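Starting from the given sequences, assemble the full structure and let the hints guide the process.
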Amino acid sequence: MKENIVLVLLATLCSTSVFAKDKVTKSFCFNCVSTSISTGILTNAESVETVLSNGVRLSQLDWDIDNSPVLNTGIRWEFFPVVSLNLNGWTTISKNGALMNDYDWTNKNNPNELTNWSHHPRTKLNYANEFDVNFEGLLINKEDFSLGVLVGYQENRYSFTAYGGKYRYPETDDNGNFIPGSSQTIIGSFEDGKKVIGYQQKYKVPYIGLSGKYNYEKFEFGGVVKYSPWVKSYDYDDHALRNTDFYSRADQGDYYAVTIDAGYYIVPDTQLFAQYSWNEFKMNVGDTLIIDNEDNTQGVNSGGAGIANKYSIVSIGIKYRF
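With the sequence shown counted from 1, adding 2 to any position gets you our numbering.
Treat the hints with caution; some may be incorrect.
Here are the computed distance ranges between Cβ atoms for each label pair [what the hints assert, rightly or not]: (1) Pro208 with Glu115: 37 to 43 Å; (2) Pro71 with Tyr322: 18 to 24 Å; (3) Glu115 with Leu141: 20 to 26 Å; (4) Thr246 with Gly99: 24 to 30 Å; (5) Glu157 with Ile188: 38 to 44 Å; (6) Ile77 with Ile262: 31 to 37 Å; (7) Ile188 with Asp64: 46 to 52 Å; (8) Ile188 with Ile77: 50 to 56 Å; (9) Asn111 with Ala242: 27 to 33 Å; (10) Tyr322 with Leu291: 46 to 52 Å; (11) Pro83 with Gly225: 18 to 24 Å; (12) Leu243 with Gly305: 23 to 29 Å.
To be clear, the hints were calculated from the coordinates, so they are not data collected in a lab.
Bear in mind that the values here come from a model prediction, so they are computed numbers and not experimental data.
Yeah, the Cβ is synthetic: ideal placement off N, Cα and C, and Gly gets one too.
Right, here's the structure in full:
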């Protein structure tokens with residue numbers, strides 16, 4: 003099903019490019035440029051790190067982001083009436099509060115029993131950002147309405163550090179194996195302010211999409227839908243207390259995004275706007291390289307990494323057309 007959607011959109015973009023070449027080759031515009039800047043809040047955001055064994059979940063770390071201020075910028079170059087180049091991006095402005103919960107399921111006889119839990123309220127979001135570039139071809143280009151297709155590429159990055167916190171662990175035997183009936187019976191806390199885990203995620207996303215815009219008098223309403231089945235996901239886990247590093251990569255993940263906006267032209271070339279963007283990277287499963295820095299050994303957990311993320315951004319800003 004998704005392969006058919008991809009083929010249809012790519013074919014549509016190709017036909018748009020042919021139309022543009024045939025109809026507007028004499029309409030190249032060097033200075034048809036508009037810019038935008040906005041501030042907003044990164045909200046409902048979460049990065050998920052999962053450890054698997056033969057498809058069974060053994061551990062999961064949920065990195066939740068508090069409402070974090072972001073800065074958005076964009077440049078649009080309409081070098082032909084129906085074809086444009088768009089450069090967009092956002093970044094967090096400073097380090098912000100976050101929350102991490104670490105869950106483990108170590109009972110082999112009952113893999114659904116939560117045996118370990120740790121809670122880290124003093125987690126920091128070091129940074130989060132996105133860079134996005136795409137070409138847009140318009141299928142319909144009327145004075146009050148337009149509909150287009152997109153082909154683009156974006157990257158997203160996140161970095162966290164968890165400090166201190168508390169834990170509830172089970173009892174284990176001399177070999178480190180779970181003792182039945184002891185789930186979450188050992189209660190304690192980590193040294194306050196001590197680094198426990200550092201974590202980073204990175205996503206590389208070629209994508210396709212649809213765009214639409216409707217104008218009514220001085221008002222403008224727009225929307226973009228993006229989709230990718232080609233996501234490459236990367237993460238890095240620094241287990242500081244164990245002096246162990248985990249590097250993971252997963253290919254062919256799915257990405258979905260919807261953006262809507264509404265604007266008002268205060269003068270013909272200047273618009274005030276509000277925007278909402280929802281994005282989700284579905285769980286992408288791949289391999290993990292494990293490096294034990296204590297004894298300088300390493301190993302690979304094939305199919306042992308799950309990487310996922312979701313977030314929304316609400317923003318207000320201004321656009322200007324040169």
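Now the hints, each set against the structure:
{"no.": "1", "hint": "Pro208 with Glu115: 37 to 43 Å", "verdict": "40 Å, holds"}
{"no.": "2", "hint": "Pro71 with Tyr322: 18 to 24 Å", "verdict": "22 Å, holds"}
{"no.": "3", "hint": "Glu115 with Leu141: 20 to 26 Å", "verdict": "54 Å, violated"}
{"no.": "4", "hint": "Thr246 with Gly99: 24 to 30 Å", "verdict": "26 Å, holds"}
{"no.": "5", "hint": "Glu157 with Ile188: 38 to 44 Å", "verdict": "41 Å, holds"}
{"no.": "6", "hint": "Ile77 with Ile262: 31 to 37 Å", "verdict": "20 Å, violated"}
{"no.": "7", "hint": "Ile188 with Asp64: 46 to 52 Å", "verdict": "22 Å, violated"}
{"no.": "8", "hint": "Ile188 with Ile77: 50 to 56 Å", "verdict": "55 Å, holds"}
{"no.": "9", "hint": "Asn111 with Ala242: 27 to 33 Å", "verdict": "31 Å, holds"}
{"no.": "10", "hint": "Tyr322 with Leu291: 46 to 52 Å", "verdict": "47 Å, holds"}
{"no.": "11", "hint": "Pro83 with Gly225: 18 to 24 Å", "verdict": "21 Å, holds"}
{"no.": "12", "hint": "Leu243 with Gly305: 23 to 29 Å", "verdict": "26 Å, holds"}
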